[in-house]
Amino acid sequence: MIPGKYRSVSGRATNNVNCGLHLVIQTSSLPEKNKVEFKLHKETPSFPGRLLQHDLERNYSSRQGDGRVISPSPRNKSSCISSTTNVTELCGLEMKTTTSSFSAFGDSSIQTPSKSRIRQGCHSAGPNVSGEHINLVSSSMPSFPILQRSSEEKILYSDRLTLERQKLTVCPIIDGEEHLRLLNFQHNFITRIQNISNLQKLIFLDLYDNQIEEISGLCTLRSLRVLLLGKNRIKKISNLENLKSLDVLDLHGNQITTIENVNHLCDLRVLNLARNLLSHVDNLNGLDSLTELNLRHNQITFVRDVDNLPSLQRLFLSFNNISTFESVCCLADSTSLSDITFDGNPIAQESWYRHTVLQNMMQLRQLDMKRITEEERRMASVIAKKEEEKKRESHKQSLLKEKKRLTINNVARKWDLQQQRVTNIATNQDGKDSDSPSQDPCQVDGSTISAFPEETGSLDSGLSNALQGLSVTDTYLVEVDGDTLSLYGSGALESLDRNWSVQTAGMVTTVSFTFIEFDEIVQVLPKLKIKFPNSLHLKFKETNLVMLQQFNALAQLRRIDQLTVDPQGNPVVSFTLWKYYVLFRLSHFSMQKINGTEVTQNDMIMAERLFGILAHVASSELPQYRLISILGDARKKQFRYLLESKGKKPGIVNEENNDSKRLAGENTNRATLNYTTRDFYNEKLEEIKEKKKFCKTYIEDLVKEATEINMKNEALQKLWPQMFIELVRDAVIEIRNKNSYMKLCLQKITDQK
Amino acid sequence: MATEGAGNLASGSWRVELGSCAGQRMLSSERLALPDYEYLAQRHVLTYMEDAVCQLLENKEDISQYGIARFFTEYFNSVCQGTHILFREFSFIQATPHNRASFLRAFWRCFRTVGKNGDLLTMKEYHCLLQLLCPDFPLELTQKAARIVLMDDAMDCLMSFSDFLLAFQIQFYYSEFLESVAAIYQDLLSGKNPNAVIVPTSSSGQHRQRPTLGEAGMLEGVEASLFSQCLENLCDRHKYSCPPLALVKEVLSNVQRLTFYGFLVALSKHHGINQALGALPDKGDLMHDPAMDEELERLLAQVPGLVNSVTAGSEASCLPSRTPPRVGSPWRPLHHIRKVDAESDGSTEETDESET
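As they're listed, the protein sequences go chains A and B.
Counting from 1, position 451 in the first sequence corresponds to residue 451 in UniProt numbering; the numbering is continuous, with no gaps.
Counting from 1, position 135 in the second sequence corresponds to residue 135 in UniProt numbering; the numbering is continuous, with no gaps.
Treat the hints as calculated values from the structure; they're not laboratory data.
Every residue, glycine too, gets a C-beta built ideally from N, C-alpha and C.
Treat the hints with caution; some may be incorrect.
Capping the alpha-carbon separation at 25 Å, the derived lysine to aspartate or glutamate pairs in DMTMM-like fashion look like this [stated by the list, open to error]:
id : chain 1 : residue 1 : chain 2 : residue 2
1  : A       : Lys689    : B       : Glu38
2  : A       : Lys692    : B       : Glu58
3  : A       : Lys704    : B       : Glu38
4  : A       : Lys689    : B       : Asp62
5  : A       : Lys579    : B       : Asp119
6  : A       : Lys696    : B       : Glu38
7  : A       : Lys693    : B       : Asp119
8  : A       : Lys579    : B       : Asp136
9  : A       : Lys691    : B       : Glu61
10 : A       : Lys689    : A       : Asp679
11 : A       : Lys244    : A       : Glu214
From chain B, some residues computed to sit far from chain A (all C-beta separations above 10 Å) [unchecked claim]:
id : residue
12 : Gln131
13 : Asp187
14 : Asn233
15 : Tyr240
16 : Ala266
17 : Leu286
Label pairs and their calculated CB-CB ranges [to be verified]:
id : chain 1 : residue 1 : chain 2 : residue 2 : range
18 : B       : Gly118    : A       : Ser590    : 37 to 47 Å
19 : B       : Lys283    : A       : Val573    : 31 to 41 Å
20 : B       : Tyr240    : A       : Ala412    : 44 to 54 Å
21 : B       : Leu57     : A       : Ala412    : 40 to 50 Å
22 : A       : Ala412    : B       : Gln256    : 28 to 38 Å
23 : B       : Leu158    : A       : Ala412    : 28 to 38 Å
24 : B       : Leu189    : A       : Lys718    : 53 to 63 Å
25 : A       : Val573    : B       : Ala69     : 45 to 55 Å
26 : B       : Asp293    : A       : Ala412    : 46 to 56 Å
27 : B       : Gly118    : A       : Val573    : 49 to 59 Å
28 : B       : Asp293    : A       : Thr597    : 27 to 37 Å
29 : A       : Asp701    : B       : Tyr240    : 25 to 35 Å
30 : A       : Lys718    : B       : Ala69     : 31 to 41 Å
31 : A       : Val573    : B       : Asp293    : 23 to 33 Å
Please put together the full structure from these sequences, using the hints given.
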């Protein structure tokens with residue numbers, strides 16, 4: 001029997017698979033620390049009964065080579081992490097975690113010298129002595145091998161037993177070893193933990209790299225402090241209820257989907273759940289001593305409950321699926337956390353990642369294995385501040401935008417309703433106008449208006465800022481953005497009454513109307529002219545421009561350089577003539593652009609060619625009394641002057657009148673082409689109707705009187721010749737006797753005297 | 001009989017008005033047969049008197065300044081010239097045949113250039129043009145006119161100016177007549193005989209033909225001769241103006257069967273009816289108006305200049321061209337044309353020439 005020093009590879013293996021756990025377990029009793037020799041007994045799985053002895057003795061370096069074969073990839077070495085903590089005494093075993101991961105890697109070793117002799121019981125082959133060390137003897141229970149060690153070994157390594165790479169498929173029955181504290185089953189094929197319930201003093205149980213599917217058979221091991229179950233097939237954390245003093249729990253490389261049944265492990269310091277199937281981190285309360293939590297290589301999308309771990313210092317979340325900081329925001333609340341990794345997560349790709357993490361987790365000392373400098377932290381806080389501000393600003397902006405959008409939607413809906421109403425009325429009116437003009441369309445109007453009562457929202461003054469004087473209400477929207485004044489909804493027209501600052505008013509050169517009836521706009525045009533004297537560009541969208549004559553209304557403005565009429569909601573734009581009519585009617589503005597296209601000289605000539613005659617007819621052939629009634633009060637004076645000068649000397653133009661006329665700016669021969677809004681026009685028609693009624697009766701009376709007089713006159717004319725003849729005859733008869741007539745006359749004269 | 005005596009206010013103008021309004025059917029002997037008041041009403045003299053007073057009322061301050069007599073003179077002058085309908089309300093424009101003819105002529109004069117430019121326009125666009133002259137012109141009439149051009153389908157189609165104008169003339173001038181015609185046509189289509197009550201003799205003949213009519217229902221429209229008879233009856237009793245019966249018969253005599261819109265198209269294209277109406281020149285001359293073209297050239301000459309020159313120019317142009325009614329008198333050239341065919345028609349409408 002050659003006493004062998006068995007170098008356990010468990011620690012290394014764990015390291016190699018990135019469990020982040022480094023255990024250096026040294027036996028203080030062993031003088032030759034560095035000299036590592038071990039012997040290995042293997043049996044070929046195909047011949048379970050036979051105990052074959054392979055290279056029983058190997059030197060350290062060759063073993064190292066094997067170890068490397070086990071290790072998945074060299075890349076992982078660099079990401080190994082070690083814990084920096086105290087050294088725990090594990091009854092004679094020294095468990096040590098070193099600060100430096102790299103050095104720890106080299107050093108990490110569990111030296112568990114043991115001499116054991118296993119006897120394996122086997123039906124076919126029978127108990128074969130396996131080399132000089134271990135005898136596995138078939139027990140009375142047929143299926144389990146019974147382990148027996150030589151008393152020699154027992155004395156030498158009374159508290160530890162290593163059964164590494166024994167191709168065990170089941171746990172052997174270990175008899176008479178109740179004092180065992182360390183048990184190592186690494187690299188076997190064990191599917192079920194059993195036959196160890198008698199080892200009640202067991203502190204260290206290593207089942208790394210087996211085929212265990214369920215945690216079981218541990219309920220009696222109350223003193224167990226280190227449980228290594230890495231690289232198994234465990235699906236569920238369970239049956240740990242009695243392991244109250246558990247210090248290290250390694251479950252890496254299993255198939256665990258949720259963290260559960262660990263809340264009672266209040267002494268647990270290290271929990272390794274790397275390379276499992278966790279989708280989230282949760283349910284961690286109760287783990288009051290946990291200082292290191294390894295969750296690398298899972299599919300974690302969010303982390304919760306970490307702030308319930310008062311001692312947590314190291315958290316490894318590398319290579320998961322975390323994409324937002326919000327999903328791990330609980331980390332910010334942990335006061336103890338000093339080291340964290342996020343590399344290999346989507347979040348680490350973000351530009352804001354590092355400073356956001358730093359800003360939110362002031363307590364961190366290392367992030368992704370890099371020490372955090374003061375400078376970095378400062379930068380992070382500055383950036384974070386900026387970010388915060390930006391966020392607030394953009395939030396505000398988006399809030400405003402959203403509000404604006406909603407309002408516009410609302411206005412648009414109202415407008416649609418109104419449009420339907422208007423078209424209904426329009427058809428009604430047209431119908432009425434044609435057959436019975438005496439009907440009053442206002443009634444229809446009134447009833448439908450009451451059906452759609454206007455909501456008047458309150459001004460939201462709190463959200464206005466320097467650049468955007470925004471007042472958002474439910475039914476209309478007024479917005480000043482740079483040089484553009486945008487009005488949505490008919491209610492917005494009232495805003496023209498407001499006291500606009502001279503600066504704002506002066507800046508506005510573009511006025512856009514949306515969802516407003518053109519007739520309503522017409523009524524505020526004089527106001528617009530006064531309040532926004534610099535407005536040069538008018539935009540109309542959804543304003544119900546349907547007739548060419550409506551453009552007449554724009555002539556009263558001071559100046560227009562540009563006109564934009566959106567085809568949406570303005571059917572007039574579909575006419576081929578509309579542009580020319582605008583040019584013609586507003587020729588005194590000498591407009592530059594219509595709907596974005598430059599006005600050319602040819603356009604002007606064309607406009608004149610098309611409508612010049614209309615203007616000519618309107619001005620030269622309209623009777624004067626009509627001119628007067630058509631032109632407004634402002635024009636009246638002008639025309640009175642015209643009439644006067646015509647009466648005196650046509651062609652001589654008074655200077656001051658000429659000036660006043662130029663101020664008015666508009667072609668007089670076009671002035672007769674004006675537009676009255678529908679309502680106003682209807683009112684006027686009503687008025688005319690009244691007058692007509694009066695005129696009718698007046699003329700009727702007059703004519704009747706005249707015809708009566710005429711009839712009498714005619715009758716008289718008829719009678720008169722006869723009467724005359726009669727009179728003459730009477731006279732002749734009277735003077736027939738001259739003498740007697742003379743006498744009679746004389747008599748009369750004397751009588752008078 | 002001195003009926004004109006009633007118009008104490010401006011007796012000179014009255015005679016003009018009466019003359020221009022004298023219909024073809026009304027002979028001077030008939031004039032004597034009517035009581036004065038009815039006669040005046042029928043000649044629409046009352047309409048104009050009422051309107052004159054109405055206008056006077058509307059602008060009494062201004063008018064009283066330059067003289068009431070002057071106002072009445074101007075008013076009746078403008079009525080004679082046909083310029084009184086410009087920018088007036090529709091109810092006035094359609095009130096008398098003279099107003100209608102004046103409106104048609106004004107429309108033609110003002111927008112002839114649009115037609116000349118060759119633009120084809122939609123019904124709605126023509127409607128807009130009409131509304132430029134009469135703000136409350138009803139869409140319905142324009143639609144009906146467009147139906148004549150487009151034969152009752154595809155209302156969004158483009159129409160040429162002359163097509164529209166001629167159709168519109170018929171529709172606008174004879175709108176009441178056409179409505180009655182439409183009713184008659186519908187009756188005929190459905191097999192009823194609208195003449196049954198009025199002309200029993202002819203109806204008996206029609207009754208026998210009814211079965212053939214039913215078979216012919218497959219064919220479009222109604223039989224022309226039957227339709228013609230019905231229209232004759234209608235013209236006799238119709239109190240509104242109708243196209244000259246001889247011309248209607250001429251239209252109907254050319255075809256065996258016809259549809260309502262076919263009939264209207266034929267009417268609108270018939271140049272005799274256009275002449276009888278007298279508002280527009282012949283179709284060939286629709287684009288022709290030398291006086292106005294001259295005027296337009298003058299206006300165009302001012303365009304290339306800057307705004308100032310335009311305003312100044314228009315100002316200058318405004319003054320001289322405004323006053324003399326004789327130069328731009330819109331009726332004058334037409335009356336010469338009308339005189340010729342009026343003589344052939346044997347109607348008595350020339351009296352008006354004496355006054356203007």
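Hints, verified against the model:
1. A:Lys689 <-> B:Glu38: 23 Å, holds
2. A:Lys692 <-> B:Glu58: At roughly 10 Å apart (the allowed maximum being 25 Å), Glu58 (chain B) and Lys692 (chain A) satisfy the hint.
3. A:Lys704 <-> B:Glu38: 10 Å, holds
4. A:Lys689 <-> B:Asp62: 21 Å, holds
5. A:Lys579 <-> B:Asp119: 14 Å, holds
6. A:Lys696 <-> B:Glu38: Distance of about 14 Å is within 25 Å: holds.
7. A:Lys693 <-> B:Asp119: 43 Å, violated
8. A:Lys579 <-> B:Asp136: This hinted pair holds, its Cα atoms lying about 22 Å apart.
9. A:Lys691 <-> B:Glu61: 16 Å, holds
10. A:Lys689 <-> A:Asp679: Roughly 15 Å separates the two Cα atoms, so the pair holds.
11. A:Lys244 <-> A:Glu214: Answer holds: Lys244 (chain A) to Glu214 (chain A) is near 19 Å, not above 25 Å.
12. Gln131: 5 Å, violated
13. Asp187: 21 Å, holds
14. Asn233: The assertion about Asn233 (chain B) holds, with a minimum of 25 Å to chain A.
15. Tyr240: It holds; Tyr240 (chain B) is separated from chain A by about 15 Å at its closest Cβ, greater than 10 Å.
16. Ala266: Ala266 (chain B) clear of chain A: closest Cβ-Cβ about 25 Å, beyond 10 Å.
17. Leu286: 14 Å, holds
18. B:Gly118 <-> A:Ser590: 37 to 47 Å: Cβ of Gly118 (chain B) to Cβ of Ser590 (chain A): about 27 Å, so the range 37 to 47 Å is violated.
19. B:Lys283 <-> A:Val573: 31 to 41 Å: 32 Å, holds
20. B:Tyr240 <-> A:Ala412: 44 to 54 Å: 48 Å, holds
21. B:Leu57 <-> A:Ala412: 40 to 50 Å: 46 Å, holds
22. A:Ala412 <-> B:Gln256: 28 to 38 Å: 57 Å, violated
23. B:Leu158 <-> A:Ala412: 28 to 38 Å: For Ala412 (chain A) against Leu158 (chain B), whose Cβ atoms are near 32 Å apart, the range 28 to 38 Å holds.
24. B:Leu189 <-> A:Lys718: 53 to 63 Å: Because 57 Å falls inside the window, the suggested range holds.
25. A:Val573 <-> B:Ala69: 45 to 55 Å: Since the Cβ atoms of Val573 (chain A) and Ala69 (chain B) sit about 49 Å apart, the hinted range of 45 to 55 Å holds.
26. B:Asp293 <-> A:Ala412: 46 to 56 Å: 48 Å, holds
27. B:Gly118 <-> A:Val573: 49 to 59 Å: Since the Cβ atoms of Gly118 (chain B) and Val573 (chain A) sit about 21 Å apart, the hinted range of 49 to 59 Å is violated.
28. B:Asp293 <-> A:Thr597: 27 to 37 Å: 29 Å, holds
29. A:Asp701 <-> B:Tyr240: 25 to 35 Å: 27 Å, holds
30. A:Lys718 <-> B:Ala69: 31 to 41 Å: Taking Cβ atoms as reference, Lys718 (chain A) and Ala69 (chain B) lie about 33 Å apart, which means the hint holds.
31. A:Val573 <-> B:Asp293: 23 to 33 Å: At roughly 30 Å between Cβ atoms, Asp293 (chain B) and Val573 (chain A) fall inside 23 to 33 Å, so the hint holds.
Violated hints, in rising order: 7, 12, 18, 22 and 27; the structure is consistent with all others.
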